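These protein sequences, in sequence, are chains G and W.
Sequential numbering from 1 applies to the first sequence in our numbering.
Sequential numbering from 1 applies to the second sequence in our numbering.
By construction, these hints were calculated from the structure, which means they are not laboratory data.
Values in this document were obtained by computation on a predicted structure and should not be read as measured data.
Glycine residues also receive a C-beta, built at the ideal position from the N, C-alpha and C atoms.
A portion of the hints provided could be inaccurate.
Here are some chain W residues the structure puts well away from chain G; computed CB gaps all over 12 Å [to be verified]:
(1) K96
(2) R173
(3) M191
(4) E196
(5) N207
(6) S234
(7) Q250
(8) Q300
(9) V311
(10) S317
(11) R319
(12) H335
Mimicking BS3-like on lysine-lysine, the simulated pairs with C-alpha atoms at most 27 Å apart in a straight line are [stated by the list, open to error]:
(13) K65/W to K22/W
(14) K96/G to K278/W
(15) K278/G to K96/W
(16) K312/W to K96/W
(17) K278/G to K96/G
(18) K96/W to K278/W
There are 2 protein chains.
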Amino acid sequence: MSNVTVHLDLDEVHPLAYHALKANGCNDENASAVADTIASAERDLCHAHGLFRLPGYIASLQSGKVNGCARPRVERLSPGVIRVDGDSGYAPLALKTVRDPLARCASENGIAAAAIVKAHHFAALWIEIESLTELGLCAMAFTAYTPSVAPAGGTRPFYGTNPMAFGWPRPGRPPMVWDQATATQARGEVMIAAREGRELPPGVGINREGNPTTDPKAVLEGCLLPFGGYKGASIALMIELLVGPLIGEQCSFEAATTDNRDGGPPRGGELIIAIDPKRFGSDQDPYEHADRLFTALLGQEGTRLPGDRRVKNRQISAREGIAIPQSLYDRIQGH
Amino acid sequence: MSNVTVHLDLDEVHPLAYHALKANGCNDENASAVADTIASAERDLCHAHGLFRLPGYIASLQSGKVNGCARPRVERLSPGVIRVDGDSGYAPLALKTVRDPLARCASENGIAAAAIVKAHHFAALWIEIESLTELGLCAMAFTAYTPSVAPAGGTRPFYGTNPMAFGWPRPGRPPMVWDQATATQARGEVMIAAREGRELPPGVGINREGNPTTDPKAVLEGCLLPFGGYKGASIALMIELLVGPLIGEQCSFEAATTDNRDGGPPRGGELIIAIDPKRFGSDQDPYEHADRLFTALLGQEGTRLPGDRRVKNRQISAREGIAIPQSLYDRIQGH
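Construct the entire structure; sequences and hints are all you get.
Dropping the structure here:
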């Protein structure tokens, strides 16, 4: 242990998060679900969605914005649509609750959707996607947040970082899962760069006056840009529609007016689409067909499968554990 | 009429295309469907998907690759999945055939998918998306092509330009529809730039040696890049999976080995997902909610809704008609 970071074995992450959440009003089920999500992020060395978020989770329990004893309610609205009312809790328990009903619905119908509403999402989307690929399903997920990304042609925050994730199952192997913000970078990454005093690459964001800057603090006060210009902005707009008007939850611009800015995640929606590749009538095995695609792709030098870094990180974190800033560790322990 | 371009009134486009297709082996139904698609593209001043493609359509009828008398067969594979066998014809008739069954299926289930296989797609996707938004449905569509885009980290063509489109219905107004290649530009745009001797913006593509170039001919021999770097490439890979292994059709890399390179479109698949916003349990009117989102977005100076240029172009083309190169006109008339 240095005076700057604290070393943790992987199996220390879950109890650290769990106890801090319990001490701040989560019941066992909710604390476990959120701690699972945090531990998965740390296992994958995705610190921006790991313990780094715990002070925010705790702040929203303390302010009363988030219900630490939420009991998500699942309702089937139509043969292909499941709605989950998150009961103002954190998203992980709602997502755990909907996984099996959604998977059954997708297998029966070929395609199905889960609309998660009245939940507070603060994590990566690959977690829910992976849990569906484990059942042989292909899946997409979308969520919004609060305004931090400029629309195409604009200079002020309007879209959330609005991640979209996609996964394809690979029986016997880790699934192919990507999970990407429609912002050039996730806000969490910019926050970590600010904390560590690192400059951002050019093109990530603009300052409060609408001018390009590589200073992460100036971008946090100003705004992020969508990846790939207007095309990324189109995807951000699609996500707002899918998790706002479609399912009857808040768009990012609406969350900005209702959120209490306690540092935790706003109330919001998530849409998950699950698809059963065995129900689409291919005369080939769809998983083997996909593996031929992956093999052909990897035949080109310099390429890799999206998400394979996370898979490699699991070996590293299992062997070496993780390091978190002493200040963060103290803050979590102090709660 | 100058000696370089030919002026056409909008109502001359359909018969011009229809008669050329009929003269080359299309029956009435197939010629009408393809001519509808071409006329829609010209109406929207999207020349890259209009008459410019007709010589390619004709080439594939002449080579026997495409069946001009195709009779698409629709089959419901599961409550939420419809499969359309295009009978080796052009996609427009298959798409016309599946529209109403898909819409019914989406309204019953909340969400439904159409898998179009054994079809040859050569057009924009906004046409099928718009036809679903007219029924109050939200929709997404995906298709692949033949390799012309480098994967992330690679330098040789692997992905097709792989467009994805999304539409949201606006009762009483034109829908919000975007339709974008995951390539930096559509290949048709690069072909037009080559024909007109225009340079490309930097970053669009690389030459045969893998080096950046702004020469459209060098890019057509080399390869396009995905928009937004690795994030655009992730979307391109998702599209390959959705229209290849998922539905049992060819990925772009597979089409490259089976296509006869006659200048027309390869055989391929398309996936359409249709979603009924009235089946997701919102306690608000989803269309009005979306209009509040659009109004808030347009409140920021410099912004516009994706696809609104096409809507404006319709007024221009209705008033002024269109101009096509004399050489293209002569080529079409000569068939």
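These are the hints, each one checked on the structure:
1. For K96/W, the requirement that its beta carbon stay farther than 12 Å from each beta carbon of chain G is met, with the minimum near 21 Å.
2. With a cut of 12 Å on Cβ distances, R173/W stays outside the contact zone with chain G, its closest approach being about 15 Å.
3. Against chain G, the non-interface label of M191/W holds: every CB pair exceeds 12 Å, the least being about 20 Å.
4. With a closest Cβ-Cβ approach of about 23 Å to chain G, E196/W is found to remain outside the 12 Å limit, as its non-interface label requires.
5. Distance to chain G confirms N207/W as a non-interface residue, since its nearest Cβ pair spans about 17 Å, more than 12 Å.
6. The claim that S234/W lies off the interface is violated: its Cβ sits roughly 4 Å from the closest Cβ of chain G, which falls inside the 12 Å cut-off.
7. Non-interface call for Q250/W relative to chain G: violated, since the shortest CB-CB distance, roughly 10 Å, does not exceed 12 Å.
8. With a least CB separation of 4 Å from chain G, Q300/W falls inside the 12 Å interface cut-off, contrary to its annotation.
9. With a minimum CB-CB distance of about 15 Å to chain G, V311/W clears the 12 Å threshold, and the non-interface call stands.
10. Chain G leaves S317/W outside its interface by the beta-carbon criterion, the shortest separation being 23 Å against a cut-off of 12 Å.
11. With a least beta-carbon separation of about 26 Å from chain G, R319/W lies farther than 12 Å from that chain, consistent with its non-interface assignment.
12. H335/W, annotated as away from the interface, keeps every beta carbon of chain G farther than 12 Å; the closest lies near 36 Å.
13. Straight-line distance between C-alpha atoms of K65/W and K22/W comes to about 16 Å, which keeps the hinted pair within the 27 Å bound.
14. About 26 Å separates the Cα atoms of K96/G and K278/W, which keeps this hinted pair within 27 Å; it holds.
15. Of the pairs offered as hints, the one joining K278/G and K96/W holds, with about 26 Å between alpha carbons and a cut-off of 27 Å not exceeded.
16. A hinted pair counts as satisfied when its Cα atoms are at most 27 Å apart, and K312/W with K96/W qualifies at roughly 25 Å.
17. Proposed proximity of K278/G and K96/G is supported: the alpha carbons are some 24 Å apart, at most 27 Å.
18. For a cut-off of 27 Å, the pair hint linking K96/W to K278/W stands: about 24 Å separates their Cα positions.
Consistency with the previously given hints fails for numbers 6, 7, 8, ordered from lowest to highest.
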